[in-house]
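Protein chains: 2
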Amino acid sequence: MSRVTVYEVGPRDGLQNEAATIGTTEKIAFINQLSDAGLPVIELSAFVNPKRVAQMADADEVCARATKRPGTRYSALVPNLAGLDRAMAVGLKEVAVFAAASDTFSRRNINQSVEESMANYAEVIKTAMAADVRVRGYLSTSFGCPFEGDVPVDRVVRLTQTLLQMGVFEVAVSDTIGVAHPGQVKRVMAALTALIEPSFLALHFHDTRGTALANVLTALDFDIRTFDASAGGLGGCPYAPGATGNLATEDLLYLLHGLGYETGVSLDKIIAASESIEPVVGHPLPSRLYRATVATLPR
Amino acid sequence: MSRVTVYEVGPRDGLQNEAATIGTTEKIAFINQLSDAGLPVIELSAFVNPKRVAQMADADEVCARATKRPGTRYSALVPNLAGLDRAMAVGLKEVAVFAAASDTFSRRNINQSVEESMANYAEVIKTAMAADVRVRGYLSTSFGCPFEGDVPVDRVVRLTQTLLQMGVFEVAVSDTIGVAHPGQVKRVMAALTALIEPSFLALHFHDTRGTALANVLTALDFDIRTFDASAGGLGGCPYAPGATGNLATEDLLYLLHGLGYETGVSLDKIIAASESIEPVVGHPLPSRLYRATVATLPR
Numbered sequence: 002m003s004r005v006t007v008y009e010v011g012p013r014d015g016l017q018n019e020a021a022t023i024g025t026t027e028k029i030a031f032i033n034q035l036s037d038a039g040l041p042v043i044e045l046s047a048f049v050n051p052k053r054v055a056q057m058a059d060a061d062e063v064c065a066r067a068t069k070r071p072g073t074r075y076s077a078l079v080p081n082l083a084g085l086d087r088a089m090a091v092g093l094k095e096v097a098v099f100a101a102a103s104d105t106f107s108r109r110n111i112n113q114s115v116e117e118s119m120a121n122y123a124e125v126i127k128t129a130m131a132a133d134v135r136v137r138g139y140l141s142t143s144f145g146c147p148f149e150g151d152v153p154v155d156r157v158v159r160l161t162q163t164l165l166q167m168g169v170f171e172v173a174v175s176d177t178i179g180v181a182h183p184g185q186v187k188r189v190m191a192a193l194t195a196l197i198e199p200s201f202l203a204l205h206f207h208d209t210r211g212t213a214l215a216n217v218l219t220a221l222d223f224d225i226r227t228f229d230a231s232a233g234g235l236g237g238c239p240y241a242p243g244a245t246g247n248l249a250t251e252d253l254l255y256l257l258h259g260l261g262y263e264t265g266v267s268l269d270k271i272i273a274a275s276e277s278i279e280p281v282v283g284h285p286l287p288s289r290l291y292r293a294t295v296a297t298l299p300r
Numbered sequence: 002m003s004r005v006t007v008y009e010v011g012p013r014d015g016l017q018n019e020a021a022t023i024g025t026t027e028k029i030a031f032i033n034q035l036s037d038a039g040l041p042v043i044e045l046s047a048f049v050n051p052k053r054v055a056q057m058a059d060a061d062e063v064c065a066r067a068t069k070r071p072g073t074r075y076s077a078l079v080p081n082l083a084g085l086d087r088a089m090a091v092g093l094k095e096v097a098v099f100a101a102a103s104d105t106f107s108r109r110n111i112n113q114s115v116e117e118s119m120a121n122y123a124e125v126i127k128t129a130m131a132a133d134v135r136v137r138g139y140l141s142t143s144f145g146c147p148f149e150g151d152v153p154v155d156r157v158v159r160l161t162q163t164l165l166q167m168g169v170f171e172v173a174v175s176d177t178i179g180v181a182h183p184g185q186v187k188r189v190m191a192a193l194t195a196l197i198e199p200s201f202l203a204l205h206f207h208d209t210r211g212t213a214l215a216n217v218l219t220a221l222d223f224d225i226r227t228f229d230a231s232a233g234g235l236g237g238c239p240y241a242p243g244a245t246g247n248l249a250t251e252d253l254l255y256l257l258h259g260l261g262y263e264t265g266v267s268l269d270k271i272i273a274a275s276e277s278i279e280p281v282v283g284h285p286l287p288s289r290l291y292r293a294t295v296a297t298l299p300r
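If you read the sequences in order, they're chains A and B.
Residues in the first sequence are numbered from 2 upward in steps of one, following our numbering.
Residues in the second sequence are numbered from 2 upward in steps of one, following our numbering.
Derived from the structure by calculation, the hints contain no laboratory data.
Check the hints yourself; a few may be wrong.
Because identical chains share one entry, a pair is satisfied inside a single copy or across any pair of copies.
Claimed, not checked - SDA-like mimics (lysine to any residue), calculated; alpha carbons at most 25 Å apart, straight line: (1) Lys187 / Gly261; (2) Lys187 / Thr163; (3) Lys270 / Asn121; (4) Lys94 / Glu27; (5) Lys69 / Gly24; (6) Lys127 / Ala30; (7) Lys94 / His284; (8) Lys187 / Tyr262; (9) Lys270 / Ile178; (10) Lys270 / Asp151; (11) Lys187 / Leu268; (12) Lys270 / Pro285; (13) Lys94 / Asp155; (14) Lys270 / Val42; (15) Lys270 / Pro147; (16) Lys270 / Gly145; (17) Lys69 / Met130.
Make the full structure from the sequences, and use the hints.
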């Protein structure tokens with residue numbers, strides 16, 4: 002029997018990409034439902050510039066007021082020392098930095114080259130660790146860049162190593178634009194796990210091309226045991242042009258539980274959380290398992 | 002490099018489950034685009050009772066008038082000897098019978114117990130083979146029945162063997178309600194391939210719970226090399242209650258080509274076929290790859 006950690010990004014990566022403005026109270030109620038479902042870790046928000054990401058402007062209040070379930074880890078994105086200060090001020094013991102594997106994406110996303118961002122994050126990680134705050138590292142565009150196209154595998158390996166050397170406890174190798182397929186996951190995972198222990202790696206897939214679960218299945222073969230997911234598949238709607246939803250937590254749980262992996266998460270309670278947030282975001286949530294389930298329930 | 006056969010069921014299993022009435026001319030134009038895409042086999046229609054399945058009432062005309070591309074096989078469903086006669090009258094050299102692994106589904110679908118249907122199909126297969134017409138066998142509800150729930154694996158194995166002994170060239174082991182997940186696919190495939198050569202087996206998945214590609218990936222490990230799919234994911238819309246779409250041909254091709262399998266099928270031409278049929282069926286097609294692609298194209 003093997004355990005898999007489902008890293009819930011719905012309140013952050015999910016809601017951040019929703020068009021509707023979500024109220025702070027609704028966010029907190031949603032997070033509390035997710036905690037109650039038994040998720041081992043929830044990314045609550047992002048301490049980023051509210052002028053750039055209005056949806057995350059209430060990060061401080063969301064992080065402070067959400068009920069903290071014993072045994073669940075709570076995290077948030079921090080782009081710099083100012084963000085880290087805000088995260089520590091509300092008592093978070095875990096944060097995440099977000100680097101990218103391609104310069105063009107990095108410049109457009111955080112206005113820094115990859116190299117500049119690494120220097121910045123080195124300082125953030127050092128400061129966090131000195132205060133006993135754990136840091137996760139995202140590596141966006143690891144499977145492809147919307148501007149540069151293919152991303153060399155050796156660059157992904159080198160940057161993953163850099164983040165780990167700087168002190169992050171794990172790197173979320175991320176398919177930001179949802180192009181990864183199992184053939185590519187095999188190549189990237191073979192290169193990464195040749196040099197890095199699988200327990201230092203997480204995978205973050207978007208289901209843009211329907212391959213996310215097949216990618217997870219491939220990564221499991223490389224002993225990866227942490228996967229990011231978003232309740233209901235929040236953050237994307239397959240009928241909206243260009244929308245790229247996160248892998249849905251429900252779909253991931255159906256796969257993992259069917260394979261006999263333990264997650265500690267209640268699929269029914271995740272579905273209930275999705276049912277609560279669906280009218281708030283104002284469009285049908287794309288999770289296939291969720292849709293198949295709610296369609297058969299009395300509404 | 003290994004070759005995989007994509008068995009296209011869009012014109013039959015896809016359109017049959019669409020609410021809009023599709024004109025014969027539109028069906029034929031769609032089929033001709035699919036042929037042009039290089040598909041090795043296309044299921045054109047079903048010679049069933051038009052009072053029960055109005056969408057398939059024009060089976061004779063569709064099968065007769067569709068352009069037959071050299072090298073592509075064309076098939077149709079036949080429920081009985083009368084259906085076989087109609088299929089042979091329009092010149093088909095391949096047909097398919099559809100049995101089920103659960104009695105309740107069999108009775109509701111074809112008004113016969115599983116045993117009664119096998120006796121009926123034995124006669125159909127014998128007659129077809131005597132006329133040099135190849136017969137495929139479907140085994141519906143092999144991964145679960147909407148009425149009976151779990152279906153014993155040994156029953157699936159036994160009925161697959163029965164169909165093969167009766168003379169079908171392959172059995173399409175079918176997840177009619179889209180509940181299969183890789184854990185279950187492993188168990189069913191291990192039992193089947195312990196007794197049956199993989200080349201006699203095809204897999205027919207619906208993507209109701211988002212697991213279809215992960216299921217294909219699992220089945221590839223058991224040397225299965227024929228998979229059913231429907232252009233655009235026709236036959237289901239994730240936003241319609243209870244709708245259960247076939248695995249989309251586009252999504253399957255993206256997976257297979259990414260793994261380095263040869264299919265002989267042009268993904269671009271399948272997307273073009275889906276773009277033509279989408280306004281005819283009157284709702285967005287659910288294929289993730291299709292949606293991700295058309296959203297980035299000028300419309």
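Here's how the hints hold up against the structure:
1. Within a single copy, lysine 187 and glycine 261 get their C-alpha atoms as close as 22 Å, and across copies as close as 12 Å, so both meet the 25 Å cut-off.
2. Taking the closest pair of Cα atoms, lysine 187 and threonine 163 come within 25 Å of each other only inside a single copy of the chain (22 Å); across copies the shortest separation is 38 Å, beyond that limit.
3. Proximity of lysine 270 to asparagine 121 under the C-alpha cut-off of 25 Å is found in neither arrangement, the shortest distances being 39 Å within a copy and 47 Å between copies.
4. Proximity of lysine 94 to glutamate 27 under the C-alpha cut-off of 25 Å is restricted to the intra-copy arrangement: shortest distance 24 Å within a copy versus 60 Å between copies.
5. In this homomeric assembly, lysine 69 and glycine 24 come within 25 Å of each other (Cα to Cα) only inside a single copy, at 19 Å, whereas the closest approach across copies is 58 Å.
6. For a Cα distance limit of 25 Å, the shortest separation of lysine 127 from alanine 30 qualifies neither inside one copy, at 33 Å, nor across copies, at 63 Å.
7. In this assembly of identical chains, the alpha carbons of lysine 94 and histidine 284 never lie at most 25 Å apart, being 34 Å within a copy and 47 Å across copies at closest.
8. With identical chains, the CA atoms of lysine 187 and tyrosine 262 are at most 25 Å apart both within one copy (21 Å) and between copies (15 Å).
9. Only between protomers do lysine 270 and isoleucine 178 lie at most 25 Å apart by alpha-carbon distance; the minimum there is 23 Å, versus 28 Å within a single protomer.
10. For the identical chains of this complex, lysine 270 and aspartate 151 are inter-copy neighbours only, at 24 Å across copies versus 38 Å inside a copy, given an alpha-carbon limit of 25 Å.
11. Proximity of lysine 187 and leucine 268 under a CA criterion of 25 Å is satisfied inter-copy only: 22 Å between copies versus 28 Å inside one chain copy.
12. In this assembly of identical chains, lysine 270 and proline 285 lie within 25 Å of each other by CA distance solely inside one copy; the values are 18 Å within and 30 Å between copies.
13. Neither within a single protomer nor between protomers do lysine 94 and aspartate 155 lie at most 25 Å apart by alpha-carbon distance, with minima of 32 Å and 52 Å respectively.
14. For the homomeric pair lysine 270 and valine 42, the shortest alpha-carbon distance inside one copy (15 Å) is at most 25 Å, but the shortest distance between copies (43 Å) is not.
15. Taking identical chains as interchangeable, the C-alpha atoms of lysine 270 and proline 147 lie at most 25 Å apart only when they sit on different chains, with a minimum of 23 Å there against 35 Å within one chain.
16. Taking identical chains as interchangeable, the C-alpha atoms of lysine 270 and glycine 145 lie at most 25 Å apart only when they sit on different chains, with a minimum of 24 Å there against 34 Å within one chain.
17. Taking the shortest alpha-carbon separations for lysine 69 and methionine 130, only the intra-copy value of 21 Å comes in at or below 25 Å, while the best inter-copy value is 68 Å.
Going down the numbered hints, you'll see the structure goes against 3, 6, 7 and 13, while the others check out.
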